[in-house]
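Chemist: These are the residues of each chain, in order.
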Amino acid sequence: MTSQTSAPEPRTSPGAPPSAARDLVDVRRGPTTWTGLWFVLPFLAFYLLFLLWPAVVGLGYAFTDRSLAGGPLSFVGTANWRESLTDPALYDSLWNTLWFTVLSVPLMVLLALGMALLTDHARRLGWFLRLSFFAPFVLPVAVMTLIWNWMYNPSLGLFNGTLARFGVQGPEWLFSEDTAMFSVVIATAWWQVGFNYLLYLAAMQSIPKEVYEAASIDGAGTWQRIGRITLPLLARTTALITVLQLIGSLRVFEQIYLMTMGGPNFATRTVIQYIYDSGFVGLRVGLASSMAYIFMVLIIAASIAQFRLFSRKEA
Amino acid sequence: MVTSTTRPAAPTAASAPARPLRRRRVTVGSTALYTVAALAALLWLVPLLWAFATSVKPEGETTAMPPAWFTPDATFEAYAQVLGRGDIIRWTMNSLIITVIVTALTLVVCVLAAYGFSRFDFRGRSWLFALIIGGILIPPQTLIVPQFVLMTQLGLVDTYWGVALPQVVAPVFVFILKRFFDAIPRDYEDAARIDGAGSVRVLWSVILPLSRPILTAVGIFTFIGAWNNFLWPFIVTNDPEMMTLPVGLGTVLGQYGIQYAQVMASAVLGAIPLLIVFLLFQRHIVTGVAGAGIKG
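If you're matching them up, the sequences are chains V and A in order. Start counting the first sequence at 1; every next residue gets the next number (my numbering). Start counting the second sequence at 316; every next residue gets the next number (my numbering).
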C-alpha cells in the first residue's frame with residue numbers, strides 16, 4: 001500500500017478465521033444496518049448485470065444449440081462439451097496459449113529485472129530510462145501491432161533490411177510457422193514489459209540505502225551487492241510479477257490476432273481467439289460457451305494455484 | 316536489516332584508504348553502465364522512432380532498400396492525408412467519450428462500494444464481499460459471447476454505452492480501495508460526525524481528500540485500460556463510425572493497403588494521446604504502480 005498509515009489492528013480474537021473474514025471484522029457498528037448496502041448497490045448492479053449474469057447465462061448456452069444468427073433453440077445436453085473436449089483444434093489453441101506463456105513469462109520477468117537494475121544504478125539517466133522503457137506500455141495494441149508488422153515485413157521491413165545490409169538473409173518472422181510465435185512474443189515483451197519494470201523499480205527503490213552502504217563498507221562490489229542484497233530482497237516482488245504475468249499471458253489474444261490472425265496455418269491461434277472464431281465467425285454460441293467455460297476453469301485453477309504458491313513463499 | 320550501521324559515520328581514518336580505490340572502480344564501471352543503459356533505452360525506442368521516420372517519408376521512399384533512417388525530403392504529407400480522411404479523429408473522439416464514461420463510473424461505483432464495505436456492517440456483507448472479490452478470478456475475455464448476446468437484447472450494440480458499461484465492473488479496484496480506506500484512522504471521521512456530518516459527507520470531505528494518491532492511481536489505470544481495451548469494443552462495434560481508436564486502427568486501417576507512410580502516421584497519431592497522458596502523469600503512474608501493485 002502507498003506508505004503512510006499502518007492499518008489499525010483488527011479487533012479479532014486470536015485464532016480468528018483468516019483472509020476475507022478477517023478483512024471485514026474491523027467495522028464501527030453504525031446506527032443503521034442498511035446504510036452500507038446502499039453504497040455497495042451501484043457496483044453490485046453493474047457486477048450482477050455485466051459479469052455474473054453473463055457468466056450464468058453463458059453456462060446455460062453451453063447446453064443448447066443457440067446460434068448468433070438466431071433461429072429455433074433446443075436443449076442438446078452435453079453435446080457441446082463433448083465436441084469441445086474432443087476437438088483437436090481446441091487443444092492446439094490451448095497448446096499455443098501455453099507455449100506463448102512459457103516463452104513470454106521468463107522473458108518479461110528477466111527483462112524487467114535487468115531494466116530496473118540498470119535504472120536503479122544509472123540514476124542520472126533515470127527519467128530517460130523510465131520514459132523509454134515504460135512508454136510502450138501506454139500504446140494501444142493496434143499501434144504496437146502496426147509498427148511491429150511493418151518492422152517484421154520480410155522483404156521491406158527494418159529488421160530484414162538491416163540484416164541484408166550485413167549480407168544476412170533474415171527470417172520470415174510472422175509469416176513462418178517456425179518463427180511466428182517467437183516474433184509475437186518479442187513484440188509483446190517490448191510492449192508490456194514496462195509494467196513489470198515499474199513494479200521492480202519501485203521495490204528496488206524501497207530498499208534502504210543503509211543496507212547498501214553497510215555492504216560497501218564491508219567491501220562488497222556492485223555485483224555482490226546485487227547478488228547478495230538486491231535480488232534476495234526482491235524475491236517477493238519477483239513472485240508477484242511472475243504470478244501477474246502468468247495470468248496475463250494465459251489470457252493473450254489481441255496482439256496475436258492483430259499481428260497474425262492466428263496464422264500461419266493456425267500456428268499462433270490462442271484459446272480466446274478460438275472462442276471468438278467459434279462464437280462470432282462460426283456463430284455457434286453454444287459451442288463457444290462450452291469452450292469458454294473449459295478455459296475459464298483452467299485459468300481460475302491456474303490463478304488459485306499460483307496465489308497459493310505465492311502466499312506460501314511470502315509467509 | 317543490518318544493525319551495525321544505523322548511520323554511516325562521517326569519514327573516519329579507517330574508511331579513508333578505501334576511498335580512492337572505490338571511486339576509481341565506480342568511474343570505470345559507471346562509464347560502462349551508463350553506456351549500456353543509454354544504448355538499451357535507445358534500442359527500446361527504435362520501434363517508435365522507426366514509425367516516426369517512416370511517417371515523414373514521401374510514400375515512394377518508404378519501401379526503399381536498404382532502409383534509411385533519414386530522408387532528405389521529409390514531409391508531413393502522410394499526416395495530412397490521414398487527418399483529411401477524418402476517421403482517426405472520429406475514433407479518437409469515440410475513445411475519449413467512452414474512456415471518460417468508464418473512468419468516471421468506475422471511480423464512483425468502486426469508491427462507494429469500497430466505502431460501504433470498509434465502514435459499515437450490514438447483513439450479507441461478508442459473502443457479498445467474497446462474491447465480488449471472487450469476480451477478480453473470472454477472465455472477462457471468456458464472457459464475450461453471453462455479454463454480446465446481452466448487449467443485443469438491450470439494443471446497445473454500436474453505442475457508447477454498450478462499449479462502456481461492461482468495462483465498469485472492476486472488482487480489483489474495490490479491493491484496493493477498501494484496503495486503503497481501512498487504513499485511514501477513524502478519529503478523523505469521528506470529529507466530522509460530531510459536527511453533524513452524514514455518511515456521504517464523511518466520504519466526500521474526510522475519506523476522499525485523504526485518498527488522493529490511490530484515487531489518482533486507480534483513475535489513471537482505468538483510463539489507460541479503457542483507452543487501450545481492444546477485445547470488447549472490437550466485438551460490440553461493427554459500424555466504423557462507432558469504433559474506438561484501437562479497434563479502428565486495428566481493423567479498418569488494413570483496407571488502405573500498403574501506404575506505409577500513412578499507416579505509420581496513423582500509428583503515431585494513435586500513440587500521441589496516451590503518451591501525453593503518460594508524460595503529464597508520469598510520477599503518479601510510477602507511485603501508483605508502486606503503491607498498489609494495481610492491475611493484479
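Hint data in this document are derived by calculation from the structure and do not stem from the laboratory. Check each hint, because a few of them may be wrong.
[Claimed, not checked] So, partial list: chain A residues that the calculated Cβ filter (under 8 Å) puts toward chain V:
#1 V483
#2 V484
#3 L590
#4 H599
#5 V601
This one's a predicted model, so the numbers in the text were calculated from it and none came from an experiment. From the three backbone atoms N, C-alpha and C, an ideal C-beta is built for every residue, glycine too.
Chemist: Hint by hint, where does the structure go against what was stated? Just the numbers, ascending.
Modeler: 4
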